[in-house]
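Asker: Given these sequences and hints, build the entire structure.
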Amino acid sequence: MKLKKYISLTRAGILESLQFRLSMLVLCAGNLLYLIVIYFLWKAIYASSGQDSVNGMTFHDTLIYLVLATSLFNFMEMYTVWQMGRGIQSGSIVLELLKPMQYKTYMFWSYSGNFVVNFFTTFLPTFIVVCIVTKGAVPLGMNLLYFVIAVVMAVIINYNIDFFVGTICMYTESIWGINIMKQVIVLLLSGATIPIAFFPETIRRIVYYLPFQSIYNAPLTILLNGDPDIKDVAVTLGTQLIWVVVTMVISKLFWKISLPQITVNGG
Amino acid sequence: MAPVIDIKNITKEFKVLNRREGLAGSIKDLFSRDYKIVKAVDNITMSIGQGEIVGYLGPNGAGKSTTIKMMTGVLEPTSGEILVNGKLPYRNRSKNAQNIGVVFGQRSQLWWALPLVESFKLLKDIYQISDEQYDGMMKLYQSLVDIEPLLHKPVRQMSLGQRTLSDILAAFLHDPKIVFLDEPTIGLDVSMKAKIRTLIHALNKEKNTTVILTTHDMGDVDALCRRIVIIDKGRMLYDNDISHLKGFFGSYRTLKIRVDGDLSKESAVIAKEFPEFKVSADDEWISLLVDEEKSTIMDVFTGLQKKRRISDMQLEEISTEDVIRKIYEEGVK
Amino acid sequence: MKRKGLLFYIKLYCKILSQDLKSKMSYRADFIISTIGMIFTNIAGFVSFWIMFRNFSSINGWGYHEMLFLYGFSLVSLTPAQCFFDNNWSLRNYVYTGDFIKYCFRPINLFFYYQSEVFDVKGLGQLAFGLGTVIYSWIKLGLGFTPLMVLKMTVFLLTASLVMIALQTAAAATCFWINNSFYVLDLAYKFRDYAKYPITIFSPVFRTIFTFIIPIAFISYYPSLVILRPDEVPLLSWLSPVFGIAFFYIAYRIWMFGALKYNGTGS
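Residue numbers (this note's numbering), protein chains in the order written: chain F, 1 to 267; chain X, 1 to 333; chain R, 1 to 267.
Rather than coming from a laboratory, the hints here were simulated on the basis of the structure.
Among the clues, some could well be false.
Said to hold, decoys possible - Here are the simulated SDA-like pairs of lysine to any residue, each with C-alpha atoms no more than 20 Å apart in a straight line:
| # | chain 1 | residue 1 | chain 2 | residue 2 |
| --- | --- | --- | --- | --- |
| 1 | R | K24 | X | V117 |
| 2 | R | K24 | F | E173 |
| 3 | R | K190 | R | I39 |
| 4 | R | K22 | X | A113 |
| 5 | R | K261 | X | Y90 |
| 6 | R | K190 | F | I185 |
| 7 | R | K22 | X | H152 |
| 8 | R | K24 | F | Y171 |
Answerer: Written out as structure tokens, the structure reads:
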């Protein structure tokens with residue numbers, strides 16, 4: 001019976017986002033436009049360089065990587081920081097704290113409906129278009145299964161980081177500032193704007209020790225490798241799992257420590 | 001004298017989406033939609049003179065806000081004619097705005113982060129109020145309320161009551177001909193309500209400003225309005241003096257008595273003694289709805305007392321609220 | 001009632017602005033955090049730019065410093081949209097909750113009154129970054145320096161900025177028709193990232209689209225050609241001020257049209 005309450009939150013989320021049919025269309029169109037820009041830009045870049053492969057990535061690899069990174073971003077963006085920040089400032093968070101569920105769990109599941117909708121409206125169409133445009137450069141095999149597992153863990157890591165940053169809003173009124181800093185750091189260091197393979201050697205090595213690359217770089221590298229070495233996959237997924245646990249513990253702990261702030265400020 | 005607001009047979013229709021239920025319904029809604037036409041305001045006619053305070057009443061969703069939005073020029077009527085200060089408000093929104101003031105319940109129109117006095121100064125520029133007029137207004141405000149502590153406080157730090165008060169002062173600042181007050185006392189405590197009513201009353205007297213007041217609070221109506229307009233489901237139910245409204249339903253009062261013994265049996269007996277009045281009983285009281293045009297309360301009471309020992313009694317006035325509830329429920333006969 | 005001319009509005013804006021700045025000072029922590037966030041965004045932009053050019057020395061015949069000039073130009077021309085028209089971001093909330101109605105009762109231009117309410121100081125940080133970049137690349141490219149060039153630069157920057165303002169305003173105005181228009185605005189915001197690339201990388205079809213329909217080519221590419229490659233200035237570059245004004249006017253009409261048909265539901 002425990003699962004049922006989560007699923008009904010998911011269902012409500014699906015219903016809610018289906019109310020906005022035009023915004024779904026715009027999201028699709030936006031993705032498509034981005035795909036076009038990225039396509040021409042990198043085509044020009046690769047054409048100017050005169051090489052087929054730079055840092056081990058071909059034009060198609062880069063294209064697939066960047067486009068799917070963006071649609072993963074759209075898929076995972078939960079506006080958690082904004083929601084928490086607004087809730088904390090207006091005091092309405094108190095109502096959510098009274099729900100018979102942990103706040104963190106509640107927030108996640110009430111958004112989960114959007115995952116389902118976004119998967120079908122943004123990720124899947126983009127994926128299919130990319131497959132067609134690159135004429136089968138996306139390998140379709142066991143890597144898809146690993147990719148799905150990696151994405152699930154990426155969603156959790158991303159949410160934990162968001163929740164951690166959202167908690168900071170208990171201490172400051174500047175939601176915009178806090179959120180933009182997080183977004184910039186996550187997008188750059190996770191390899192969402194530029195594949196990590198292009199980073200200079202030293203920076204790349206540092207980035208691999210941070211949790212961010214587990215969000216975009218890990219699942220996308222797995223997807224692009226059609227003939228995965230099971231050992232490499234295990235290492236990537238293992239690293240992700242460690243980050244899932246670490247970010248979860250830290251974000252929960254930080255929330256627990258910060259919670260007394262609310263009862264002072266809120267209302 | 002020409003009326004400041006003149007409304008003839010206005011109607012406003014809205015297109016409303018019929019949403020289907022459930023997940024399957026939502027997906028269907030994505031592809032095909034089904035609209036229906038709703039009349040928010042249906043053929044309303046009225047005319048309001050300078051200096052009147054009119055209570056505009058009706059249950060939630062009756063069409064009050066829609067009418068006000070048409071008078072302020074935000075909405076264009078689907079049909080009918082509306083003239084405010086002799087002009088079509090929708091066509092001359094900017095010009096109309098110069099002659100009206102608006103307070104919309106809990107939505108402050110002041111600059112959130114600024115101290116009140118700075119908001120006033122900006123309004124002075126926006127409405128091009130002359131220095132003399134501005135100073136005169138501030139003097140008047142000072143004489144009516146203790147405005148000094150409010151002036152230097154940012155609006156966001158004010159209590160709801162202070163904010164409403166400030167909003168009302170801001171609405172009157174440019175000496176408009178008409179001020180629309182949409183539920184100005186909602187959510188306020190008793191003393192603040194009284195303060196705001198006094199203020200509105202004084203400003204109306206002082207400046208001869210027409211005030212259109214929508215409210216659910218009968219205290220506001222009783223304290224401020226001589227004339228009331230009642231609408232429900234977009235149609236006008238009543239437009240006349242408040243005293244006339246009571247007369248409309250006769251001059252009724254309820255006499256409640258307590259006697260020994262079985263109340264329901266006793267009430268049946270009393271009903272036979274006074275067949276012209278409605279008699280009912282609950283666990284504690286027997287109630288008689290007495291029409292004082294037929295016989296006085298004292299006569300009825302003496303009549304009752306002759307036959308039985310009355311241990312306790314109460315007399316209840318019919319309040320405006322009761323009358324209006326009656327109109328909502330039954331309409332005007 | 002006196003006529004309300006341009007002078008009236010300029011005076012009023014200055015008054016509102018000075019009041020607004022005064023009250024901003026009272027939120028110092030918020031101001032500092034937002035500014036840091038803005039600086040972060042810009043640094044991340046430069047880092048991405050730098051990483052890209054580490055791997056590729058030129059794009060479609062455009063060298064490092066020329067690209068940097070385009071980038072800097074776009075940052076400067078985006079600043080007015082950021083500083084003066086930031087309230088566009090809140091428009092959908094005002095419309096959704098019905099609070100927009102409070103703007104409808106003033107005897108002044110609705111668009112002016114709405115936009116005047118917010119001045120975004122942190123956009124000035126972006127302006128500093130942009131100007132620095134333009135000046136740096138200007139010197140590195142050895143473009144020379146005459147008063148006429150400065151005049152041209154100023155005029156073309158200002159008119160280029162009208163294009164971004166137009167895009168943002170038109171995108172924001174969609175909320176008068178669409179329930180959840182955040183995605184439209186977000187999409188328009190993302191265009192700023194594409195504005196810095198030379199339009200020549202696109203195929204003719206998309207060149208037309210990005211010139212006349214979603215006119216991002218006028219934010220940086222066409223106007224900066226006047227300075228950057230004075231020997232081969234296309235007609236469209238000279239016409240960019242005309243386009244800037246035209247796009248702004250169209251967007252303004254769309255916004256006003258939406259605002260006037262706004263019926264105040266949600267209350």
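Asker: For every hint, state whether the structure bears it out.
Answerer: Taking the hints in turn, this is what the structure says about them:
1. R:K24 - X:V117: Holds, at roughly 17 Å.
2. R:K24 - F:E173: 13 Å, holds
3. R:K190 - R:I39: Since the Cα atoms of K190 of chain R and I39 of chain R sit roughly 18 Å apart, the hinted pair holds (cutoff 20 Å).
4. R:K22 - X:A113: Within the cut-off at roughly 9 Å; holds.
5. R:K261 - X:Y90: 10 Å, holds
6. R:K190 - F:I185: 17 Å, holds
7. R:K22 - X:H152: Measuring from Cα to Cα gives roughly 13 Å; hence the hint holds.
8. R:K24 - F:Y171: Roughly 18 Å separates the two Cα atoms, so the pair holds.
Figure legend: structure checked against the earlier numbered hints; every hint is met.
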